[in-house]
Amino acid sequence: MKTIKFLIPALFSTLLFVSCSSDDDTPAPVNEEELITTLTVTLSDGGTPITLTYQDLDGDGPNNPEITVSGDLANNTVYNGSIVLLNESVSPAEDITEEVEEESDEHQFFYTIGNGLNATTAYTNFDTNGENLGTTFTLTTGDASAGTLTFTLRHEPTKPNTGLADAGGETDIETTFNVTIL
Amino acid sequence: MRVYALILLFLSGTTLLAQNCDYSLSGTVIDLHDGSPLIGATIIIANTEQAVQTNVEGKYKFNNLCNGTYNLQVSHPFCSTKGVTVKVNGHTVKILKLEHHLEELNQITLEGKAFEDKTKTMLSSVIKQDELERYSSGSLGDALNSLSGVSSLNTGNTVVKPLINGLHSSRVVVINNGVRMEDQEWGAEHAPNIDINAVGNLTLIKGASALQFSGDAMGGVIIAEAAKVPVKDSLYGKTLVTGASNGRGGALTSNLTKTYESGWYTTLQGTLKKFGDFEAPDYVLSNTGSFERNLSVQFGLNQIDRGFEAYYSLYKNEIGILSASHLGGAQDQVRAINSDVPLIINDFTYDIMPPKQDVTHHLARIKGYKTFENFGKLSLQYHFQQNQRFEYDIRRGDDAGKPSVDLQLNTHSFMADLDSKLSDESNLKAGLLYRYQENIANPETGVRRLIPDYKKYNAGVYLVLDYQLNDNWLLEAGGRFDYSFMDVYKYYRKSFWESRNYDELYPELVIEDLGTQVLTNPKPKFNNGSATFGASYTFGKDYSLFINYSYASRAPNPSELYSEGLHHSASRIELGDLSFTPEQGHKVALSFERSNNLFGFAISPFINTINNFIVIEPTGVEQTIRGNFQVWEYRQTDAQLLGVDINANIALAKNLSFLHQFSLVKGYDRENDEPLIEMPPVNTVNEIEYRNSKFHNLRLALQSEYVFSQNEYPNNNFEVFIPETQTTELVDISTPPDAYHLLHFNSNIDFDVNNKSTLTIGFQVTNLLNNSYRNYLNRMRYYADDLGRNFLLNLKINY
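Protein chains in written order, with the numbering used here: chain A, 1 to 182; chain B, 1 to 799.
A hint or two may mislead.
Pairs of lysine-lysine, DSS-like flavour, derived with a Cα cap of 30 Å [as the list claims (entries may be wrong)]:
#1 B:Lys274 / B:Lys258
#2 B:Lys402 / A:Lys159
#3 B:Lys455 / B:Lys523
#4 B:Lys356 / A:Lys159
#5 B:Lys128 / B:Lys694
#6 B:Lys796 / B:Lys654
One-sided and incomplete, this derived list gives chain A residues near chain B with beta-carbon spacing under 8 Å [claimed, not checked]:
#7 Glu34
#8 Asn64
#9 Glu170
The set of hints was computed from the structure by calculation and includes no laboratory data.
For clarity, every value in this text was computed on a predicted model and none was experimentally measured.
Don't be surprised by glycine CBs; every beta carbon is placed ideally from N, CA and C.
One chain only, chain A, in its complex shape (with noise of 0.2 Å):
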C-alpha cells in the first residue's frame, strides 16, 4: 500500500514534465550537394544543335524524369558532342560536369547504340592518364534508323577497360533516349 502511495503521486510528477515542452528553433534545410538532376548532350554539326534533356528534379522522389530530344539527327554525319551535368535542386545551379572533370581519373561516360540506331561514338576528351573521360565525344551516323542512345556515367571505374562490361564502378547516371536518324 506504501508502495502505491508513493508510485502514484511520483507518476504525476513525471507527466507534468512531459508537458513542457519549449524551443522552436527548426533545423535547416539540406542542400543536396551532389545530386545531379539533369544531364543535357548536345550534338552539333555546324548547323542547329540537337539537344537530348533528361531532368528529374526532385532526384529520387517520386516524380518521373522528363525526357526530350529537340529533333532528328541527319544520316551519314559526323556530330560533336559535349554532355553537361546540372544540379538545379539549388540555386544557382551547379554545373556538376566541372567537379567530374576535375576528377576525371574517377570517371568515365559510356555510350550505347541499342534497338538497331546505325551510328558509332569516339571519345575526344581523356583524363589526366590518357584514359577516356568523355564528356566530349562524337557521334558519327549512318544511314536512317530508329533506336536508343544510351549515357552512362560510372564512378571509379577500372581504367583502362573495354566497355561497361569490364569497368565496374558504381553508377552515377544511366539515362537512355530514343532517337531516329533521318
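With chain A held as given, fit chain B onto it using these hints.
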C-alpha cells in the same frame, strides 16, 4: 569489519550482571538482500563459550541467558562476519541480517539478487564470463549467436545485430548495466554499441516479460552486466590478448579493480581491437577492416543497506563496409549478384575507406540505492547517452570525405525502482521512468536526412508481482504503461508529400513551404500498455516448467514513420508512413527444462502474434538519373511467428559430454498469406566437449554447425532493362543461399603462474574446413562469400 567486531567483543565484558538467568534469545539469520534464511550461520556470544549454528530454516536459539546486553558475532561461510549488540529482556526474538556472498564467485553483487530475478516465469539463457572471453575479439552479437533461438542479422562480419526468435532492431531491447541502449538501434545495419569485454554476464530473455526494463521488446531483452565486485580489500584484474589469422588482427583488453573492505571500489577497463580486411576462402573481402576502442570506468560504494555507483563508458568503432556492396541502381545490382566473386577485390590492407561507419557512444550513469526495513530497496538512477553516428559513402568533388549520415542522438533518463518483499511468499517490483531524447541531424552532410530532427519525451510506470504459491508453483504478473510524445521537424520532398496525399490529409503539419520541399512538424503521441502473466512449476529433483504470456506494444520508430529517400547501403528507396500506430504483440512461451549434468534438456516452443506489425516490402521501381531503384515501403500487417528452441546435454563418459541445440522459427504475414522476410533458417549445433578439471582445466570441443537453406521467403525479385545488352534481367534479391555446414574447434587450458595469477591459453579454429558459404541473414550475401578459416589464439592472465 572483523576488527570492529573484535573491539566490540572486548568492550562487552562489563555489561553482564548476575540476575534471573533462564531467558532465551532466538530468531532467524537472514540474507539482507532477499530475506532468505541462512543455513549454518554461526553465532557466538562474546566472552562466553556459547555458540550455536542456524538450522535448515535459518533459526537459532540460546538458552539460559540473563537480562542484559550481549554482543554477538555472526558468521557464515559466504558472508562477512558481523558484530551485533542485542538487549535481552525476557525471552527475546531477534532477526539477524547478513549480507550473503554469491557462493559461486565468493563475491557480493552490487545489486543483490535483483539481477537474478529478471523474470521468474520465463526461461532465460545466460552466458558467463569464461564463455564471453572466447568472443573477446568478436562482438556482442557473436556471443549471443551461440544461444539457441538467437541468430544475427549481419552486415559483413563486424556489424552483427542480434535476432531473437526471428525479430530484431527496435523489437530487441539491449540493457547495458541497467541502461537501455539508445544507439539508433532501428537500423538493420546498426550493431549494439557495447564492448563485449566490459560485460561480465550476459542474459537473454526471449520475450517482453521483463517489464522492469521495457514494454516494447517484442523479440526479447538482452541484459549485459559488468562483473560483480566483492566487498573486501583486494586489487585484481585481467589482461586478455587475442590474435586472429583472418583479418590479421586482434584484440587487447585489460581491467583492474580495487576494492575495500569498507565497500568502496573502483574499476578501470579498456579494449583495443584492430582488424584489416577479412578473407573468404577464395578472396579478400576488401574494405572490411575495423578499429574499435573502448574504455569504461566505475567507482562506487557497496554497503549492506545502501550504496551508489558512478559509471562511464566510451565505445568507438570504425567499420569498413565491403567495397563491392557500394552500388548505383538496379543495373549495378544485377552485375553484383550475377558475378560469382565480388566486383572489387583489392590486396589486403588495414586501411578503412568509404563506405564505412564510424560510431561513438558515450554512456554516463549514476545510481544509488538504499534498503528500507519493511519497505524494500529503493534505487534511483540517472543516465545520459550520446550516440554519434557517421556513415561515409564514396562521394564526388568537394563532398569526398564528408559523411553522408551525421546523426547525434542524446538521451537523458531518470529512473526510480523499488524492490519490495511484501511477505515471505511475495515480492513486488515497481518503478518509474522519465526519458528525454533528441536527435540532431547535421544538415552539413549535403544529403537529405535519413532520420529527421526530433525531440522525444517518454514516461513509463511498471509493477511486477510474484507469489510463491507453494514449493512447486510460482506465479508472476506485471503491467507497464508507457507514454511517448515526439516533436519532429521533417523536410519532405514536395513531390512525395503530394503523391502520398499528405497535403490533403495533414495540411496542418506544414509550417513552411520552400518550393521543392516542405518543412513539417508532426507531433505524434503514443500510449503503450504491456502486461505479462506467468507461472513456473518445479517438480522432481531437476524438472521445471515455465508458462508465460506477454503482451507487448511498441511505438513505431522514426525510421518507420519518416523514411523518405534513397537508403544507399541497401541500394533501395525506403518510404515510411506518418499514419502508423503501435504494434501489439501477444507471445505465449512455454519451457520444459531438466537441469542435470548427466542428462539435461530444455524445450521451448513459442507463438508470437503481432498486430499492426511493421514490415518493409518492395512496391515498385523508381526511375532516377542513376538508373532504376527498387522502392520499398513500410506497411502494417498482422504477423505471426512460431517456433521451438531445443537444448540438450548428455554426459557420454567421465569428462566427455555432448551438447545439442536446435532452433526453428517460421514467420508469416497473415494478411497477405506469405512468409516474412529475413526469418532465420532452421539450424542445429552439435558439440562434443572434453573437460578435465584435474589436468589444468583442459577443455577441448569440436562443434558442428549446420544451417539449412531457408525454404520460405517472400518473392521480392524484379526485372530491369540493361541498355548495354539490350536485355531485361531478373534481379534476384530473394532466393536464399544453400544450406551449409561448418566445423569449429575450441580449446583452452589453465596454468598457475603463481598463487595469485593464472594464465589461460585458448586456441580456436572457426570454419575448420575452410568452406565457402553464404548466410541468408548477411546483407553482404549478394556480393561475397562469408569468412573463411580463422585461427585464434587467446592468452589471458588473471592477477
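Hint-by-hint comparison with the structure:
For the given pair, Lys274 of chain B sits about 29 Å from Lys258 of chain B by alpha-carbon distance, which is consistent with the 30 Å threshold. At most 30 Å may separate the alpha-carbon atoms for a hinted pair to count; Lys402 of chain B and Lys159 of chain A meet this at roughly 25 Å. Between Lys455 of chain B and Lys523 of chain B the alpha-carbon distance is near 10 Å, which keeps this suggested pair within the 30 Å criterion. For the given pair, Lys356 of chain B sits about 24 Å from Lys159 of chain A by alpha-carbon distance, which is consistent with the 30 Å threshold.
A C-alpha spacing of about 21 Å is found between Lys128 of chain B and Lys694 of chain B, which places the hinted pair at or below 30 Å, so the restraint holds. Only pairs whose Cα atoms come within 30 Å are accepted, and Lys796 of chain B paired with Lys654 of chain B is accepted, the gap being roughly 27 Å. A hinted interface residue such as Glu34 of chain A counts as satisfied when its beta carbon comes closer than 8 Å to some beta carbon of chain B; here the least separation is about 5 Å, so the hint holds. Taken as an interface hint, Asn64 of chain A checks out: its beta carbon lies about 6 Å from the nearest beta carbon of chain B, inside 8 Å.
Against a cut-off of 8 Å between C-beta atoms, the interface hint on Glu170 of chain A holds, since the closest Cβ of chain B lies about 5 Å away.
When each numbered hint is compared with the structure, no violation occurs for any of them.
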